[in-house]
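Number of protein chains: 2
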Amino acid sequence: MKKIFIYDTTLRDGTQAEGISLSVMDKLKIADKLDSFGIGYVEGGWPGSNPKDMAFFEEARGKKYKNAKIAAFGSTRRAKVKVEDDDNIKKLLESKAPVNTIFGKSWLLHVHEVLGISPEQNLLMIGDSCAYLSDNGREVIFDAEHFFDGYKDNPSYALDALKIACKNGATTVVLCDTNGGTLTSEITEICLSVHKSLPKKVLLGIHCHNDGDMAVANSIAAIEAGAMHVQGTVNGFGERCGNANLCSIIPALELKLGINCVGKEKLARLKELSLFVDEIANQNPNKRLPYVGDSAFAHKGGMHVNAVNKNPETFEHTNPQFVGNKRRILVSDLSGRSNIMMKIAEHNIDLDEKSPEVAEILETLKRMENEGYEFEAADASFHLLAKKILKKHKPFFNLNGFRVIVEKRGKGEKCISEATVKLEAQGKNELTAAEGDGPINALDHALRKALIRFYPEISNVQLRDFKVRIIDGKDGTAAKTRVLIESSDGHKSWSTVGLSENIIEASWEALVDSMEYMLYEKNEKMKK
Amino acid sequence: MKKIFIYDTTLRDGTQAEGISLSVMDKLKIADKLDSFGIGYVEGGWPGSNPKDMAFFEEARGKKYKNAKIAAFGSTRRAKVKVEDDDNIKKLLESKAPVNTIFGKSWLLHVHEVLGISPEQNLLMIGDSCAYLSDNGREVIFDAEHFFDGYKDNPSYALDALKIACKNGATTVVLCDTNGGTLTSEITEICLSVHKSLPKKVLLGIHCHNDGDMAVANSIAAIEAGAMHVQGTVNGFGERCGNANLCSIIPALELKLGINCVGKEKLARLKELSLFVDEIANQNPNKRLPYVGDSAFAHKGGMHVNAVNKNPETFEHTNPQFVGNKRRILVSDLSGRSNIMMKIAEHNIDLDEKSPEVAEILETLKRMENEGYEFEAADASFHLLAKKILKKHKPFFNLNGFRVIVEKRGKGEKCISEATVKLEAQGKNELTAAEGDGPINALDHALRKALIRFYPEISNVQLRDFKVRIIDGKDGTAAKTRVLIESSDGHKSWSTVGLSENIIEASWEALVDSMEYMLYEKNEKMKK
Chain A
2 MKKIFIYDTT
12 LRDGTQAEGI
22 SLSVMDKLKI
32 ADKLDSFGIG
42 YVEGGWPGSN
52 PKDMAFFEEA
62 RGKKYKNAKI
72 AAFGSTRRAK
82 VKVEDDDNIK
92 KLLESKAPVN
102 TIFGKSWLLH
112 VHEVLGISPE
122 QNLLMIGDSC
132 AYLSDNGREV
142 IFDAEHFFDG
152 YKDNPSYALD
162 ALKIACKNGA
172 TTVVLCDTNG
182 GTLTSEITEI
192 CLSVHKSLPK
202 KVLLGIHCHN
212 DGDMAVANSI
222 AAIEAGAMHV
232 QGTVNGFGER
242 CGNANLCSII
252 PALELKLGIN
262 CVGKEKLARL
272 KELSLFVDEI
282 ANQNPNKRLP
292 YVGDSAFAHK
302 GGMHVNAVNK
312 NPETFEHTNP
322 QFVGNKRRIL
332 VSDLSGRSNI
342 MMKIAEHNID
352 LDEKSPEVAE
362 ILETLKRMEN
372 EGYEFEAADA
382 SFHLLAKKIL
392 KKHKPFFNLN
402 GFRVIVEKRG
412 KGEKCISEAT
422 VKLEAQGKNE
432 LTAAEGDGPI
442 NALDHALRKA
452 LIRFYPEISN
462 VQLRDFKVRI
472 IDGKDGTAAK
482 TRVLIESSDG
492 HKSWSTVGLS
502 ENIIEASWEA
512 LVDSMEYMLY
522 EKNEKMKK
Chain B
2 MKKIFIYDTT
12 LRDGTQAEGI
22 SLSVMDKLKI
32 ADKLDSFGIG
42 YVEGGWPGSN
52 PKDMAFFEEA
62 RGKKYKNAKI
72 AAFGSTRRAK
82 VKVEDDDNIK
92 KLLESKAPVN
102 TIFGKSWLLH
112 VHEVLGISPE
122 QNLLMIGDSC
132 AYLSDNGREV
142 IFDAEHFFDG
152 YKDNPSYALD
162 ALKIACKNGA
172 TTVVLCDTNG
182 GTLTSEITEI
192 CLSVHKSLPK
202 KVLLGIHCHN
212 DGDMAVANSI
222 AAIEAGAMHV
232 QGTVNGFGER
242 CGNANLCSII
252 PALELKLGIN
262 CVGKEKLARL
272 KELSLFVDEI
282 ANQNPNKRLP
292 YVGDSAFAHK
302 GGMHVNAVNK
312 NPETFEHTNP
322 QFVGNKRRIL
332 VSDLSGRSNI
342 MMKIAEHNID
352 LDEKSPEVAE
362 ILETLKRMEN
372 EGYEFEAADA
382 SFHLLAKKIL
392 KKHKPFFNLN
402 GFRVIVEKRG
412 KGEKCISEAT
422 VKLEAQGKNE
432 LTAAEGDGPI
442 NALDHALRKA
452 LIRFYPEISN
462 VQLRDFKVRI
472 IDGKDGTAAK
482 TRVLIESSDG
492 HKSWSTVGLS
502 ENIIEASWEA
512 LVDSMEYMLY
522 EKNEKMKK
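Listed in order, the protein sequences are those of chains A and B.
Each residue of the first sequence is one higher than the one before, counting from 2 in our numbering.
Each residue of the second sequence is one higher than the one before, counting from 2 in our numbering.
Note that these hints are calculated values from the structure, not bench results.
Incorrect hints may have been included.
When chains are identical, the list treats them as one kind, so a pair holds in a single copy or across two.
Stated by the list, open to error - Here are the computed lysine-lysine pairs in the DSBU-like style, where the Cα-Cα straight-line distance is at most 35 Å: (1) 423 with 468; (2) 468 with 30; (3) 389 with 367; (4) 65 with 468; (5) 450 with 164; (6) 311 with 168; (7) 450 with 423; (8) 153 with 267; (9) 388 with 311; (10) 153 with 311; (11) 392 with 423; (12) 355 with 97; (13) 30 with 197.
Model, not experiment: these values are computed from the prediction.
Construct the complete structure from the given sequences, taking the supplied hints into account.
See below:
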């Protein structure tokens, strides 16, 4: 079986992304995770460019990695400096990383306009630098920067840059689409041709950026054309539009091309890896990411849901379990009866597909979504709605009203928010008030305060997320407002929705559903 | 020059995305925008699947589109129904859309397991349906669902499905990678082979999904292999991982393959189109989107910035202006200063780059944006801010306070909102109150009512749009809220921003800026 080497540059190229910054500790955690996932090379940083990167290598030296070789990144030596005197090269050796990846120019535009040297000088710099690091016992990977742009401009010079690296000890030469704009057909053609010209013992590698929205396809095309080494980042982090996403490349290799890179067992932890890296880098996970996103196997259209029910292969390009993901069925005005049935099954509600209640739930849902509700992301509200239609829900409390006052008494004065809530539970009335940071927060406090007397377990509930959407901004401030709330009791979380012309009333509705659902769940558990 | 037909399905396949739901008004707005951008086909929905989609076609009939033909989507007839009696086919004709796009099965797995009919029956259904719609004067586009999976399973049956559509009046047949998992190399090979087998007068089309992270590369590969019609969505909206992103496909065709689809002039409004659709669909723009994302031409690495300064081509695959985007230099004081200078120049404020006020504006702006303000979309607030720092602004009124009360007196009772505003203008005090649909609307009414006595021109101001964004939902309802308001006096419109933990206070801030800016502008004009 063909083996492809996976080279991760999340810790170096990934941190060039806008809004991503990793501490030394962050980098060490990610390196551990990549190693245990079975990644063969982990590029830790550019020791010559900043002290934080050097600190990573110092820490990493003390660690034992099972699968990963640690690579330090740098450039070929500067133009007028001997290789052994070049600071950047010295720092590479100082990092003591067993692998050194150095980039050099293969596009004459850069040789002339950025470096301002002759083509011959540039080739000497590549040769010198590879030879020196290789002589010092390092595994040398040569990253040919802007290779495709260079090749399209002057194929023989671009090839010369590779050849001099090979001659001087580089064991892998990597074709970089640095500006990320090369088309897949060009990648295929150029890689096929380069692959033929290289010495057999040297591995061909590929490094793509996503500026043309083709980084993954380009990486796979290069592998099909002979590349055996592929560089990328977890979740496609990277400068501008990002690097090729390893979370898409690895499953394509394993599941579609039958190429071993981390093995089936580790592949089943791909989603975990993706979420872990987002978490450390403080990024909101992108739901739509191929393979690993929350929506990657989420079915919404009624006909799709119906077919997936019969055979998942009909609308899934691969089995979500292979990458540690799972199938989800969404409910919306696009759904048919089968969505509702599957959803109802998820919620353990016993119901016959042909019963009139299913039609009633479906109709109610469509009408409400037409008004502006959205149940896709509000599972708890959906559950309560279904139970109410089935007349299987007895409310835990009755609301008799609320009042919210927001007041600013003078310039520079803090805004005061106060809420009053009146409700009835267990046959008793309760009227109470609370303050908060803003009207919704005050309302939340007052509602809890009123309920806690009857249901002390409410004290564990916390609001985790709060989203507001104006449904049709065209009507100015009288537009409808939809509020989505995510609540948690520390173990489980649930989401509810509210809708009104009045943001306070919409929030109120979602808050009330949230408390109601929590009490309902608790009650169900006690029944069992 | 080769011409490729762009077929947008944002309004149909795009709304299959998790979290995306469009009202009829939303759809009409997007259709207008797509038309003015030069898109050739706009698929409005599936009239047979829900009433909202039919309502779109009713409204769209009254409109004149310059570039777009409106297409209605549906399926081939059902198995045991005559084509003229099929509800879904009837609705297609009822929609009166000039183009009908119908999908049919081309994968035997689906024929057997989903439809449960014979391969011959399926072919008859395709033929019947195309013929009937074509005989009724419609332009018929046949979407061959799961074509690539079908072709890999049984090439001759998959081709038969296309051929019967061609024979029966379909003028375009579209190969759909419905499950989105096909590799680019397979797309190329299959499209080349299909292209040879089709009648010359029938156009080959391509419809890709992004489950393998290759939708854009696959669409381009199909075009290179002979497809002349390409389907996709703005920003890649769509079920699961989304559809092929037209915002990546169109510039690749125009700028890299020299193929005309919307023309250079319209292409320069691509970013505007992308943002417009995100806004209507209430999606946070993805910064990393190729071509149109805020980060797409953002340079962070020091060496890159340096090289781009010498020659942008060194690190940019295309000119950002071609797609209406711009270069950004990240983390650099110098770039900050030049941004401010550009912004100040836009606003016709006279100021020397080296003056201390520029530094002060820059600092204030950075501090405020760090808190959560955003001035990119709130030009009027930026203008007032700059004028205030330059001490060139004299306020038209002083605010002494406000109070908002929202009250719900009982179950089923309408929520009442009332606002009181206290202010001082032209040396006089004013205290007044007003009601409204919701707290912000009441506040808006009260503020206007108080000002109108001093500035009757306020009566012309209307709120046009109102947007709320929770900056960090993680703190629950105490998170910060940013409110953006767009106002208009019938001729001109302007936008203002407010930020607070309290949504009422944030709205108040934006409302006040809006009135202030209107009065300021009016005053400036009178000076001239």
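Kindly indicate which numbered hints from before are broken by the structure, ordering the numbers from low to high. 5 and 13
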